[in-house]
Structures are given as structure tokens and as C-alpha cells.
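Peer 1: Each chain, written out:
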Amino acid sequence: MKLKSDKDLVALREAIKKDKDPNKPCISICGGTGCRAGGGEKVRLAFIEELAKQDLAGKVDVLRTGCHGFCERGPVVIILPEEIFYERVATEDVPEVIAKTIMRKELVERLLYRDPVTGETITYNYDVPFYKGQTRIIFSDNTRIDPTDIGGYIARGGYSALSKALFQMTPEEVIAEVKKSGLRGRGGAGFPTGTKWRFTRDAPGDTKYIVCNADEGDPGAFMDRSVLEGNPNSVMEGMLIAAYAIGADRGYVYVRAEYPLAVQHLTLAIEQAGELGLLGDNILGTNFSFHLKIKAGAGAFVCGEETALIASIEGKRGTPRARPPFPANEGLWGKPTNINNVETFANVATIINKGADWYGSMGTESSKGTKIFSLTGKINNTGLVEVPIGIPMRKVIYEIGGGVPGGKEFKAVQMGGPSGGCVPAEYLDLPIDYESLGKVGSMMGSGGMVVMDETTCMVDIARFFLSFTQDESCGKCVPCRMGTKRMLEILTRITEGKGEEEDIELLEEVGAAVRDASLCGLGQTSPNPVLSTLRYYRHEYEAHIRDKKCPAHSCTALLAYSIDPNACTGCTACARACPVKAIRGEKKQAHVIDRILCIKCGQCFDRCKFNAVVKD
Amino acid sequence: MTESIDLSKVDEILKRYEKKEASLIPVLQEVQSCFRYLPEEALVRIGQKLNIALSRIYGVATFYSQFYLAKRGRHVIRVCRGTACHVRGGKSVLDAIKEYLKIGDGETTPDYGFTLETVACLGSCALAPVLLVDEDYYGKLTPEKIAGIVQRYAEGGQVEAQV
Numbered sequence: 044m045k046l047k048s049d050k051d052l053v054a055l056r057e058a059i060k061k062d063k064d065p066n067k068p069c070i071s072i073c074g075g076t077g078c079r080a081g082g083g084e085k086v087r088l089a090f091i092e093e094l095a096k097q098d099l100a101g102k103v104d105v106l107r108t109g110c111h112g113f114c115e116r117g118p119v120v121i122i123l124p125e126e127i128f129y130e131r132v133a134t135e136d137v138p139e140v141i142a143k144t145i146m147r148k149e150l151v152e153r154l155l156y157r158d159p160v161t162g163e164t165i166t167y168n169y170d171v172p173f174y175k176g177q178t179r180i181i182f183s184d185n186t187r188i189d190p191t192d193i194g195g196y197i198a199r200g201g202y203s204a205l206s207k208a209l210f211q212m213t214p215e216e217v218i219a220e221v222k223k224s225g226l227r228g229r230g231g232a233g234f235p236t237g238t239k240w241r242f243t244r245d246a247p248g249d250t251k252y253i254v255c256n257a258d259e260g261d262p263g264a265f266m267d268r269s270v271l272e273g274n275p276n277s278v279m280e281g282m283l284i285a286a287y288a289i290g291a292d293r294g295y296v297y298v299r300a301e302y303p304l305a306v307q308h309l310t311l312a313i314e315q316a317g318e319l320g321l322l323g324d325n326i327l328g329t330n331f332s333f334h335l336k337i338k339a340g341a342g343a344f345v346c347g348e349e350t351a352l353i354a355s356i357e358g359k360r361g362t363p364r365a366r367p368p369f370p371a372n373e374g375l376w377g378k379p380t381n382i383n384n385v386e387t388f389a390n391v392a393t394i395i396n397k398g399a400d401w402y403g404s405m406g407t408e409s410s411k412g413t414k415i416f417s418l419t420g421k422i423n424n425t426g427l428v429e430v431p432i433g434i435p436m437r438k439v440i441y442e443i444g445g446g447v448p449g450g451k452e453f454k455a456v457q458m459g460g461p462s463g464g465c466v467p468a469e470y471l472d473l474p475i476d477y478e479s480l481g482k483v484g485s486m487m488g489s490g491g492m493v494v495m496d497e498t499t500c501m502v503d504i505a506r507f508f509l510s511f512t513q514d515e516s517c518g519k520c521v522p523c524r525m526g527t528k529r530m531l532e533i534l535t536r537i538t539e540g541k542g543e544e545e546d547i548e549l550l551e552e553v554g555a556a557v558r559d560a561s562l563c564g565l566g567q568t569s570p571n572p573v574l575s576t577l578r579y580y581r582h583e584y585e586a587h588i589r590d591k592k593c594p595a596h597s598c599t600a601l602l603a604y605s606i607d608p609n610a611c612t613g614c615t616a617c618a619r620a621c622p623v624k625a626i627r628g629e630k631k632q633a634h635v636i637d638r639i640l641c642i643k644c645g646q647c648f649d650r651c652k653f654n655a656v657v658k659d
Numbered sequence: 177m178t179e180s181i182d183l184s185k186v187d188e189i190l191k192r193y194e195k196k197e198a199s200l201i202p203v204l205q206e207v208q209s210c211f212r213y214l215p216e217e218a219l220v221r222i223g224q225k226l227n228i229a230l231s232r233i234y235g236v237a238t239f240y241s242q243f244y245l246a247k248r249g250r251h252v253i254r255v256c257r258g259t260a261c262h263v264r265g266g267k268s269v270l271d272a273i274k275e276y277l278k279i280g281d282g283e284t285t286p287d288y289g290f291t292l293e294t295v296a297c298l299g300s301c302a303l304a305p306v307l308l309v310d311e312d313y314y315g316k317l318t319p320e321k322i323a324g325i326v327q328r329y330a331e332g333g334q335v336e337a338q339v
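Chains C and R, in that order, give the protein sequences. Sequential numbering from 44 applies to the first sequence in our numbering. Sequential numbering from 177 applies to the second sequence in our numbering.
Treat the hints with care, since some could be wrong.
Using C-beta positions, here's what the derived DEER-type ranges look like [said to hold, decoys possible]:
| # | chain 1 | residue 1 | chain 2 | residue 2 | range |
| --- | --- | --- | --- | --- | --- |
| 1 | C | 541 | R | 311 | 40 to 46 angstroms |
| 2 | R | 235 | C | 334 | 25 to 31 angstroms |
| 3 | C | 95 | R | 206 | 56 to 62 angstroms |
| 4 | R | 193 | C | 45 | 24 to 30 angstroms |
| 5 | R | 280 | C | 207 | 54 to 60 angstroms |
| 6 | R | 245 | C | 249 | 37 to 43 angstroms |
| 7 | R | 278 | C | 481 | 24 to 30 angstroms |
| 8 | C | 50 | R | 245 | 55 to 61 angstroms |
| 9 | R | 206 | C | 543 | 25 to 31 angstroms |
| 10 | C | 329 | R | 196 | 39 to 45 angstroms |
| 11 | R | 280 | C | 401 | 52 to 58 angstroms |
| 12 | C | 95 | R | 311 | 25 to 31 angstroms |
| 13 | C | 199 | R | 235 | 26 to 32 angstroms |
| 14 | R | 281 | C | 334 | 37 to 43 angstroms |
Stretches of chain R that chain C covers, calculated by requiring three or more beta carbons in the stretch to come under 8 angstroms of a beta carbon on chain C [as the list claims (entries may be wrong)]:
| # | region |
| --- | --- |
| 15 | 254–266 |
| 16 | 291–297 |
If you're looking for bench data, these hints aren't it; they were derived computationally from the structure. For every residue, glycine included, the Cβ atom is placed at its ideal position computed from N, Cα and C.
Only chain C is shown next, with the shape it has when bound in the complex (with noise of 0.2 angstroms):
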């Protein structure tokens, strides 16, 4: 059936909702990468069987949504209309949620979420400390639709942006709208979105394109993915209005290939979409029209840049070129094209219903509405959380993710990935924003905050980005391609203890060579991780060239394991775990690392149980 207007949009919806009984109970299980790996599919599958035993297959929906977020406590269930919060939950707890929680209204006790610092168990979803300290605009349907369905997001009013950009604003009025909201590029750059669509729209040309750029890379964040496996309509939607605003009848989402989840869903809305006429020809009966195609990335981190990324859309390698020409005036196959981030394009819907001065009543002066970070590393409560540019980091670090485990002392969280830096312990209090974060040395970036404490090496962390950023390096400018390679080197042999007093002078050189002259992004912001923790950890750097020492015991070259014979109980437990038999001594007497046989594997300093084995 294909939608004529407005109103039969309108109809759709109310049909769809008439359907559905608001009191229904519904189980709903998150459908995150992050949970299935975690065995979310199987308790899906239990719910559905169980529930056919019980006679009560119609009387409860099971819905299988996108990511809830609290990847940390995966497998996720949600028990709707209560919105009751189960943890953990696995294929055996399924018939006692059924029998109690269903049938009885009942709670099951141990599935609850137990504050780690009341020990009180939270019964709704809206209680836990996680989800409680977020402001979840863009992951507002996450936990309630199921994306695989695109009924469900109509329901819920999707699409009325589109309908309403379409029938009552000019597309000169969408951009203004959009430039009036503050809001700017989520991709890492930050620039105003309405201000790249106004070059679009004015660029001369009959042939403009949209491209939507979900070939999200940085290690540690994956926001992109779970909007696009969640909520593929809501990015859907943006991109048409975006369309629509600058004058374009076709666009591509370009995805990484390691998604394939978000692929399946994508596709699948799209073909759900052009069955409704909400994508193809004359969208809602207007002469409006827009093809939408998805191109798979194959594993190339830098296609992320949106020139590399057009190159590869086009068949070629991906590497990047001069701008300008900016894509805006000259993009794919020389036409004006627009590129925006999957979260950008998911903030659009909200923005077009609600209003430029509601976006704009959240964030700060400059930065407005709300970022989502993936939160993981050292963290308690790892996974996506949705919060108002501008909140303190301490919030998002403490409340939100639980603080740091194992009574461990926090150090630094790293922001912006590989392009990134660290921003340490003293600026806890620091606003999350892009203009903050840059002053510290670090950036926004797609969103990754990785959290670290005393046990992390910051050589062997600047090392790490390194030796990434060095291996996605696309080789089309020297810079990048030797200055990376040359870092890295240096900064091995840091780590491996063969550093020289010299090095950090040279690291610091090399890195404002490679900063000031790379091609793109990837190049000039590869520095960024290693002239910050130089900035902030230097005496960490110098204790590795000096004194030959790793000050937080990660460095495997500088490690030197011993056993204190006064602690040692001879219980034999690090002898029997040594994988080359380095460890002597009796039973029941103190035992004797063999520091030439050892290979400093650690396996002994896990199995002691008295703290014997220490680490020097």
C-alpha cells in the first residue's frame, strides 16, 4: 500500500495504534550485538516457546528491539507496560518470569538490579542509576520498537517529521530551522549541520547526493551501529528531510562491513519504506523524491573520511584527497554531496517536530542538544549512554558508569579514539563539549570515553593508538605514512625499555611534523594520543627511558615478578599454574621465582591468593 499524502500517513498511524492494546504485556528483549553475543537470541527463543506451552502466545508480545545500552548486564529484559528491569537473564529464568512477573505481577527478586552501593534492589528501568542520569532523545524507541518492523516506529509518530517538513516548510526553512537548533556534526569534526546543508543546496548542480556515514571505526565506540540496529527508520527519516532541504533525489548509507546486523536492518526498512512510499518516487503524493542504496564498506578505517569515503562508494581505494574542493560543491562523481554522521541524521526527526528552541534548551552555549558516548575500559557499568552536551564528566564517569571496579584508582579517560586524547583525574569536573575537550588536549570525536586507572601504562596506551593509526594509514602522503611508522618505533622501543633520553624530544618533533603536514584527518590527529599523555604523563615516559621502569606495572619488558617469603604460605598454586616451570620451593615453604626461566606471563600473580607474588 502506498501512502498518497499526509493523511494517509496519519490513518496508518491511528490504524496501527488502534490495534495495539497499550495494557498488553510485552516482553522486550534487547536485540544489541552486545546482548546476542551475550545470549540474548536464545532467551528470546525460551520466552516465545514458553509462552506457547503456557497457552499464552497471544496474550503477551515478545519484542526483540535495538540496543538498550546497558551493555554491561546483557542479556537485557524489559517487562512493558511496568517497564520492570531484568539483568542477566538467562534461558532458565524464562519460565519463572513468566509464572511470577506475567501471570502473577510477581518480581524476581535476583534478576533486579542491585545498587552496587545500597545494595537495594531497583525495580523499573527508570530507576537504575545507568539509565536514570541520561537524557534519551535519539535512544528514546530503542527499548520499544522493533526495527526490524517499520509499523512500529509510525506508531510511535515516525515519519510526521518528514510529513511535516514536506506539507507545511520549505526546504529553505528546514535549513534554517536546523541551523537555528545548534546542531553540529556527530561524526568527530563538529561542524554546523544546517551550515554544511546550506553550502549544499547553493552549490550549483541538478545532481546533489546525500551520503550518511556509518563506517563508524574508532575502537571503543559503537553509537552508529546501535541507532542504525535499533532505530534505522529514525536515520531513514533525517536523510529524507535532509533530501528534501538541499535538493537531492538519491543517497547512499555507507556502512562498515563489520555490521552486519546493522546491513540486515537497514535494508530491510529500506524495502519497507518504498513499500509504504516513503522512499522512491512522489514521496506522500508530493513530487518529492528520493532513492536510498546501501554500500558496505570493506574494512577500511579511514573510508570514515568523507573523501576516502566517496573513493570507495566510487570503486576505487579509499584514500582521501586535497579539500577543497569540499564535497558540498564537488563530491560523489563531482556532484554536490552532503555527508553527515548516522547520529547526526537521527537528531533531525526530533528537531523538525519539537523545534529549534527545545533542541536548543539542552547543551551548552555552543554545543547543543545530547551526545550518546560508549562508555568502556575500567568502568563499572560499560555501554551507551545519552546524556546533554555540556554535563561533567565526574556525572557520566561516576553515576551513569558506577565508577571504576575492583577499588582501583581512576586515572584518565580517553576521548576521541585514536584522534583523541586523554583528559586526566584533575579535569573530572571538566563539561563534555567540544570546545572543553579541545582546550585539554583531547577531543569529542565520535563519542568512545575509554575509562583507565592506575593499572594502565600511558606509553603502552599512546603506543596502542599508534600502532593502530599506523596500520589503517592509507600510505597516499608521507607524513601519515612514515611519520606514524616512525612513532611507533620510538615509542616500542620506549616500552620495550630500550628507550633513549633523546626520544621524547624526537616523538615530539615527529608529531607536530605529522599534525602540520598529513592529507586528512587521519594523519593530522594521529599525534593526538601521544603528544596528551606527553602532556600529562611525562614522568611516565621518563621512568620507562631512565629508570627502566613501567610506574604502572603493564609494560611486560620492565616487569620483574618475585615472591615475598613472608607472605608466600607454600601452597604450591603458582608453581602448578608457571606454564615453564620457573617457580621452585617445597610445600608448605616459600617459593623461589626463577627470574631467567620466567617469561612474565602473570598467570602466578593471578592464582596467588595472599597477595605473595609482586610485581616490580
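Put chain R on the given structure of chain C with help from the hints.
Peer 2: Same frame as chain C, now just chain R:
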């Protein structure tokens, strides 16, 4: 090693694409999903049909990390080397697999049983350190768990993913 391959499968794929440069990457992707790598004869045929020089095809095929020019193992182990896995000890897991299979990153065991790869991020950071064997995720790994996981695949049995 060279094996003769069924080029009619390549022709079948090429039929569905327009004869232009933009078709190259999707064609290579489909051909690879058919043969699990890109055999040389297939690249020659693609070049002839799409009218693209073989040197250019080779350039594209070697640029993207998802294309393989050599035959791969029956099982592919992908170890996540993302930041979250790194700070939770991902490297020791990788070292344990290298040691166990006696192959390096990107290599295949002589019996074509396993191919070992590293990926930048699997985006399953809550399970860090994590790896994928074919389509199965294994999370919260330690070096000691490696032998058990690899053995189950080596014995030919498909096992349930365990976290």
C-alpha cells in the same frame, strides 16, 4: 597453491551488476563470499567483464582489509584489539592463541583449519576481552580459556557460544 575454480559462478554474479567502476567493490564482496577468498582467475575475469585493468583491481583488493587473496582456514578466529579489550588484557589472549596455533596475525594453519585475524573493534566492549570464532562470540577471556575454545572447533564439532 592454485586450484581451478568454477568461473561460471563469477559470471553469474557479474550479470547482476552494471558495467562500471562503482560495481567493483560489491562484485569483489560477492565473489569473495562465494569462494571465501579472491582467486586470481576470478580477478582476471572481473577485469575483462567490467573493463578495469587488473592492476587497479589488485590495488583495490589489497587496500581493503576484508579482501583475501589466499585461501583461508575452515574456521576464522577474530581477536578484538579495540581499546576496551586492550585495557582489559586483550593482548595476552591474542598471544595465547598465537602460541597455541603456532601462527601469527593474518596467517592460516598449514592444515587450513584456522585463520587468525585481529580486528580493530567488535563493539562488544562489555564482554572485553572478546573474540569471534566464525559467528560465535566468546567474552571475558583469559589466556587459559583459549585451548578449550580452539579444541572444540578443531574436533569439528560446532559448539555453543559461551560467555
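Peer 1: Each hint should be assessed against the structure and marked as holding or not.
Peer 2: So, going through the hints one by one against the coordinates:
no.	hint	in the structure
1	C:541 x R:311: 40 to 46 angstroms	holds, 41 angstroms
2	R:235 x C:334: 25 to 31 angstroms	holds, 30 angstroms
3	C:95 x R:206: 56 to 62 angstroms	violated, 38 angstroms
4	R:193 x C:45: 24 to 30 angstroms	holds, 28 angstroms
5	R:280 x C:207: 54 to 60 angstroms	holds, 56 angstroms
6	R:245 x C:249: 37 to 43 angstroms	holds, 41 angstroms
7	R:278 x C:481: 24 to 30 angstroms	violated, 47 angstroms
8	C:50 x R:245: 55 to 61 angstroms	holds, 56 angstroms
9	R:206 x C:543: 25 to 31 angstroms	violated, 51 angstroms
10	C:329 x R:196: 39 to 45 angstroms	violated, 31 angstroms
11	R:280 x C:401: 52 to 58 angstroms	holds, 55 angstroms
12	C:95 x R:311: 25 to 31 angstroms	holds, 27 angstroms
13	C:199 x R:235: 26 to 32 angstroms	violated, 46 angstroms
14	R:281 x C:334: 37 to 43 angstroms	holds, 41 angstroms
15	254–266	holds (count 7)
16	291–297	holds (count 3)
Of the numbered hints listed earlier, those contradicted by the structure are 3, 7, 9, 10 and 13.
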